[in-house]
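Engineer: Given the sequences, and given the hints that come with them, work out the whole structure.
2 protein chains.
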Amino acid sequence: MDQLTKNKANSTPLTPLTFLDRAAIVYGDSTSILYGDSISYTWSQTHRRCLQLASSLSSLGIRKGHVVSVLSPSTPAMYELQFAVPMSGAILNNLNFRLDDKSLSVILIHSESKLIFVDILSLSLTLNALDLFPSNIQRPDLVLIEDDTLAPYQIPSLPKNVSVINNTYEGLITKGDPNFKWIRPDSEWDPITLNYTSGTTSAPKGVVHCHRAAFVVSLDSLIDWSVPNQPVYLWTLQMFHSNGWSYPWGMAVVGGTNICTRKLDAPTIYRLIETHGVTHMCAAPVVLNILLNYNKSEPLRNTVNVLTGGSSPPAAILTRAESLGFNVSHGFGMTELVGVTISCAWKRGWDRLSAVEKARMKARQGVRKAGVAEVDVVGANGESVKHDGVTVGEIVVKGACVMLGYLKDEKATAQCLRENGWFYTGDVAVMHEDGYLEIKDRIKDVIISGGENLSSVEVEAVLYMHPAVKEAAVVARPDEFWGETPCAFVSLKDELKEMPTEKEIKEFCGEKLPRFMIPKTIVFKDELPKTSTGKIQKHVLRKVAGEMGSLALPPPQLLSSRI
Amino acid sequence: MDQLTKNKANSTPLTPLTFLDRAAIVYGDSTSILYGDSISYTWSQTHRRCLQLASSLSSLGIRKGHVVSVLSPSTPAMYELQFAVPMSGAILNNLNFRLDDKSLSVILIHSESKLIFVDILSLSLTLNALDLFPSNIQRPDLVLIEDDTLAPYQIPSLPKNVSVINNTYEGLITKGDPNFKWIRPDSEWDPITLNYTSGTTSAPKGVVHCHRAAFVVSLDSLIDWSVPNQPVYLWTLQMFHSNGWSYPWGMAVVGGTNICTRKLDAPTIYRLIETHGVTHMCAAPVVLNILLNYNKSEPLRNTVNVLTGGSSPPAAILTRAESLGFNVSHGFGMTELVGVTISCAWKRGWDRLSAVEKARMKARQGVRKAGVAEVDVVGANGESVKHDGVTVGEIVVKGACVMLGYLKDEKATAQCLRENGWFYTGDVAVMHEDGYLEIKDRIKDVIISGGENLSSVEVEAVLYMHPAVKEAAVVARPDEFWGETPCAFVSLKDELKEMPTEKEIKEFCGEKLPRFMIPKTIVFKDELPKTSTGKIQKHVLRKVAGEMGSLALPPPQLLSSRI
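In order, the protein sequence lines correspond to chains Z and R.
Numbering-wise, full-length UniProt numbering puts 197 at position 197 of the first sequence, and it's gapless, one number per residue.
Numbering-wise, full-length UniProt numbering puts 453 at position 453 of the second sequence, and it's gapless, one number per residue.
Mixed in with the good hints there might be a few duds.
Note that identical chains are pooled: a pair holds if it fits in a single copy or bridges any two copies.
To be verified - With a cut-off of at most 20 Å between alpha-carbon atoms, the simulated EDC-like pairs for lysine to aspartate or glutamate come out as follows:
hint: 1; residue 1: Lys6; residue 2: Asp186
hint: 2; residue 1: Lys296; residue 2: Glu484
hint: 3; residue 1: Lys181; residue 2: Glu374
hint: 4; residue 1: Lys8; residue 2: Glu383
hint: 5; residue 1: Lys386; residue 2: Asp21
hint: 6; residue 1: Lys470; residue 2: Glu495
hint: 7; residue 1: Lys8; residue 2: Glu394
hint: 8; residue 1: Lys543; residue 2: Glu527
hint: 9; residue 1: Lys6; residue 2: Asp409
hint: 10; residue 1: Lys181; residue 2: Asp376
Read the hints as simulated data drawn from the structure, not as lab findings.
Structural biologist: Spelled out as structure tokens, the structure:
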């Protein structure tokens, strides 16, 4: 028995790139991509175009291990590049087109990108970023992605210090060889993607994933969401965002129709849903908010399955979503884990619960997907926390979804990929009695007030219940006496008849929270600062709160009453 | 970039055993198993029972790498053992309970099985097999699986030379520790199963699969068949048959309800379908035949998805199946590939075809599942055949589904796991223009009777033992019920005092072969057709047998009793 081990046939590297060859056979005549009024491809065409593009990349000198960057919203080109770049042997570096030029240049330099595909609307940004390169550092070559669906535009004159490939995106496709043999990875551990974590911290970290991770996550993400054959999938999630949670590759498995769009406003999204009969979409909470705050009176004609991640959707949002015809699933993931890793798998027994109880269940992050080996919530010494819904610990993960590491950052890599074999997420959660976990906070978002850990997320959840509150973020304000106190930044809904006062908000919180959790400071803002992916930038608010300095000392009797 | 490679967290071995822990959390309160009128378990109970059983196996001295055998139809115990045996670290050896004692003893000796779980109705067979062990060879310990749903029975007295564990199956479960930490594989390449491809040969081939194969196939088999969450799955496929095509593990992923049954006659199957609202079932073609030839006037209340393999279903069968409410999918697999590897993925465009055309499309074996790396049809020099639907070649496969090899059989392993990196299936097919393949013939003269592969060479070997037989050749005779039955062409020795009858020859075979391998037709010939070099021309005989047509139909009740 010991003599039997892996052989050439069964150790063929696991890679999502094999999905596309198959899609061309099975779904060859079915629609792969729809975009605007004029662009419609079949899976056979998508397959051919990707091969041609990969072939052209090879001709341009792109080799195994090179980094190729892409700066684009979720257009057809963006979709094709998810396959074409790794099919050329290169590592796909999806970039956030909402970055500023400084951040973009830092990332491009760090990644040592050889070539960058740039959507026409991101050209100026890219040129500015390239202009910030020190003169001794090689700039990536630039390929322009034009877009006929846009209003007529002028291509700006290109500076001399930028090496622009003398061909557009479409030109490279036309020129490429449709019989190109795409470059298979030597090992399934070879890198396939490089993603930079969005800037909630100042120094971006380059997350590297391998072919095996992309393969396993693509499959188990389809199963976890029960995606049927040939869904109609709307790209309300930016593909650059953690590789579209693996669904660009997954759509090739099930032969879905990818509805591409660069606009993510409510009228556009609702129009696309109705026109194309969208069945599935992923969305950051902010996109879900946009949809639900839009004045839509008629419910959807057909159920649309929505998968959302990031912060947990408040009960009010979920109830509104369901009433419109959205079937909302909720998960937890991170770039380091190729998208959704833990999801709130629905239990049949919950069907019988009240709407509020249902929402409470659904707001929990849940359990690992079947393809993830292990997930736990652990205390400081690595011990599993009690399954009591109260004891907090850090979420840790084992499985094929875990990244290879951070590019050129051994220290950060070692911090989360520990010697004990676990990946540490940096997220704080409790484990409920039924084995579902619920995130309480990012570790750095925990506020320690008078020695008590308090979760900013819980305080935020209460603030969101207030009828006048649009958005809320709670951070620590330094305090001479308490160490820290919770400080809430709040934006209010438009067209309010009456503006709530600071006192009213505090009293509202006091009805639902223990006294030590009531924000001691309320700051009203027109708009909260956000990252390009729509996440509230707590580090900005934390800085503001830090500069406020300490509150006046409370009287001692208040202190004792708190404990 | 080169410094980033696999780490402890992401190289946690892929194994289907992690599915069960998760099922206990997500589907804890949902039904996992239904059997007869009295047995109903939840996923939480199944999880606990499997842990307890694995714990007891450990207590009995079962260790990593030991082989543990199971001889049972698809009962709850059989299902539990699919998890419990590998959870103890052992290798699961599912055995065909229709084998004869001689074949069973050969396999048990070859596998070096340490312990065998035996269904009460297979006890006599097992005892006879153990009795055939040479005295110097260690017999496996025996655990009896009792069954309260059967009519009262007497346990036969057990011979002294058999080491019977002093506890029944249920006793071992009761005794086990529900908090047992199941034994994780050291590597995903560690063996998880050992299956014998043909139960009856003097040189049996033991197919060994690893945890990784079982994991990947479980996931991609769910996707390929679009299995939704919480299906109701009827065990019309024997679980011993190529590990139930991975669905025992797959059901834990989606929290399905396993409807177990030991009877596979039409009334029972239809009753189970209606009673439990069955949504999915796998079935050998013979089971499908039984269902469709049964006099059922009313169509099914709900669509039942049927996955069938082996010989391709004729158009008439498919049409009848669809009219009753079965949605038939068709695939190709083999024990060496953990079940279905190639399936006839339905194309939307086919919806518009005529019933006959649809059936023609569906009868093709199809394309690889998304989780399989590569499939091709190749000529003698390894070159891909033309996609013309005419040129034949051998089906070759690469991917995680490919076995580790044959146990203690380097020669047979090397014959199919070639140096060029491909697994050679031994099946001859054409590739159609659209990339779907269709099997034309078998290289090794395998006859598929009732879903069981039987080797004509083995039957011939027995015929040759008969003192009156000069020459023998066995080929497939088409059969409406069984797909094929073995048909023997025999020439007799000269100067015989007494000519044997057809009945005598069959009885002679019956003493040495399991029932399904006994030739159902014996044709006496003065001379068998031969090539100039003296080789029997089987293709000539195959044509003769083909022209005989199907045997007279056995009455359905007789048929079902034989399964």
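Engineer: Sort out which numbered hints this structure fails and list those numbers smallest first.
Structural biologist: 2
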